[in-house]
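> Chains as they are written, first to last, in my numbering: chain A, 1 to 109; chain B, 110 to 225.
Rather than coming from a laboratory, the hints here were simulated on the basis of the structure.
Note that the coordinates shown come from a computational prediction; the quantities given were computed from them, not determined experimentally.
A virtual CB, placed ideally from N, CA and C, is assigned to each residue, including glycine.
Hints are not guaranteed to be accurate.
Pairwise CB distance ranges (calculated) [as the list claims (entries may be wrong)]:
hint, chain 1, residue 1, chain 2, residue 2, range
1, B, GLU209, A, ARG58, 16 to 22 Å
2, A, GLY16, B, GLY125, 52 to 58 Å
3, A, GLN14, B, GLU209, 37 to 43 Å
4, B, ILE121, A, LYS59, 36 to 42 Å
5, B, TRP206, A, PRO40, 25 to 31 Å
6, A, THR106, B, ARG118, 22 to 28 Å
7, B, ALA162, A, GLU15, 44 to 50 Å
8, B, ASN160, A, GLY16, 43 to 49 Å
9, A, GLU60, B, ARG190, 46 to 52 Å
10, B, TRP206, A, TYR28, 17 to 23 Å
11, B, GLN193, A, LEU11, 29 to 35 Å
12, B, ARG168, A, PRO109, 41 to 47 Å
13, A, ARG42, B, LEU225, 21 to 27 Å
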Amino acid sequence: SQKIEQNSEALNIQEGKTATLTCNYTNYSPAYLQWYRQDPGRGPVFLLLIRENEKEKRKERLKVTFDTTLKQSLFHITASQPADSATYLCALDGNQFYFGTGTSLTVIP
Amino acid sequence: DTGVSQNPRHKITKRGQNVTFRCDPISEHNRLYWYRQTLGQGPEFLTYFQNEAQLEKSRLLSDRFSAERPKGSFSTLEIQRTEQGDSAMYLCASSQWTFEGGQPQHFGDGTRLSIL
Chain A
1 SQKIEQNSEA LNIQEGKTAT LTCNYTNYSP AYLQWYRQDP GRGPVFLLLI
51 RENEKEKRKE RLKVTFDTTL KQSLFHITAS QPADSATYLC ALDGNQFYFG
101 TGTSLTVIP
Chain B
110 DTGVSQNPRH KITKRGQNVT FRCDPISEHN RLYWYRQTLG QGPEFLTYFQ
160 NEAQLEKSRL LSDRFSAERP KGSFSTLEIQ RTEQGDSAMY LCASSQWTFE
210 GGQPQHFGDG TRLSIL
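Make a model of the complete structure from these sequences and hints.
Below, the structure is given as structure tokens:
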């Protein structure tokens with residue numbers, strides 16, 4: 001079955017720094033990978049999608065990379081702000097939709 | 110775009126009772142998904158619909174769980190004979206699927222179920 005692993009530990013960074021979150025997957029070769037943000041008590045919110053033929057995707061302060069050889073995606077938030085504090089989830093689409101366990105990010109002012 | 114709506118937001122019930130949740134997706138979306146999420150975990154896929162057809166159901170889903178999407182609009186998720194382990198957040202999402210794939214899912218804020 002599909003297995004998706006994200007940073008197991010919570011990530012604390014100083015405001016203004018770049019946060020880097022990892023997503024590793026096994027047993028599958030997805031055509032694309034998605035990243036979502038989730039705040040406590042709320043449903044996930046879509047952020048970015050990257051397809052297998054794309055190495056990198058950017059949206060404002062967000063950047064996602066996708067290495068299908070390593071079976072890994074990296075999610076970067078540059079110039080981080082306290083408002084970026086949340087849990088970030090990566091997700092793959094197969095015959096089902098698989099989410100990782102999420103990485104909790106705290107940006108310290 | 111009024112977003113995905115889920116009702117109720119919270120449900121507290123005694124073990125052994127049946128519960129039903131409702132999800133109203135974004136109106137033009139043809140796909141609807143149900144997930145379960147427990148604390149510290151990502152959403153776990155339960156089932157999804159393409160219009161009114163239920164196309165996939167997780168093998169982890171016991172026979173106590175059933176979902177419907179009559180007329181391809183709103184959906185209901187029923188849990189019969191609830192157990193303590195059913196306590197979780199139940200999330201619904203919708204998307205407009207195309208052959209290109211990768212369309213983002215739009216989530217509701219979930220129904221939190223607590224089993225006493």
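> Taking the hints in turn, state whether each one holds.
Hints and how they fare:
Look at GLU209 of chain B against ARG58 of chain A: about 20 Å separates their beta carbons, and that is inside 16 to 22 Å. For GLY16 of chain A and GLY125 of chain B, the hinted distance range of 52 to 58 Å is satisfied, since their beta carbons lie about 53 Å from each other. Taking the beta carbon of each, GLN14 of chain A and GLU209 of chain B are about 40 Å apart, inside 37 to 43 Å as hinted. Distance hint for ILE121 of chain B and LYS59 of chain A: a CB-CB separation of about 40 Å, consistent with the stated range 36 to 42 Å.
About 29 Å separates the C-beta atoms of TRP206 of chain B and PRO40 of chain A, a value consistent with the hinted range of 25 to 31 Å. Evaluation of the 22 to 28 Å hint for THR106 of chain A and ARG118 of chain B yields a pass: the beta carbon distance comes to about 26 Å. At roughly 48 Å, the beta-carbon separation of ALA162 of chain B and GLU15 of chain A lies within the given 44 to 50 Å, and the hint holds. Roughly 47 Å separates the CB atoms of ASN160 of chain B and GLY16 of chain A, a value that falls within the hinted 43 to 49 Å.
Taking the beta carbon of each, GLU60 of chain A and ARG190 of chain B are about 48 Å apart, inside 46 to 52 Å as hinted. Range check, TRP206 of chain B to TYR28 of chain A: Cβ separation about 19 Å, and the 17 to 23 Å hint holds. Between GLN193 of chain B and LEU11 of chain A the CB atoms are about 32 Å apart, so this pair conforms to the stated range of 29 to 35 Å. In this structure the hint that ARG168 of chain B and PRO109 of chain A lie 41 to 47 Å apart at CB holds, the actual value being about 45 Å.
In this structure the hint that ARG42 of chain A and LEU225 of chain B lie 21 to 27 Å apart at CB holds, the actual value being about 25 Å.
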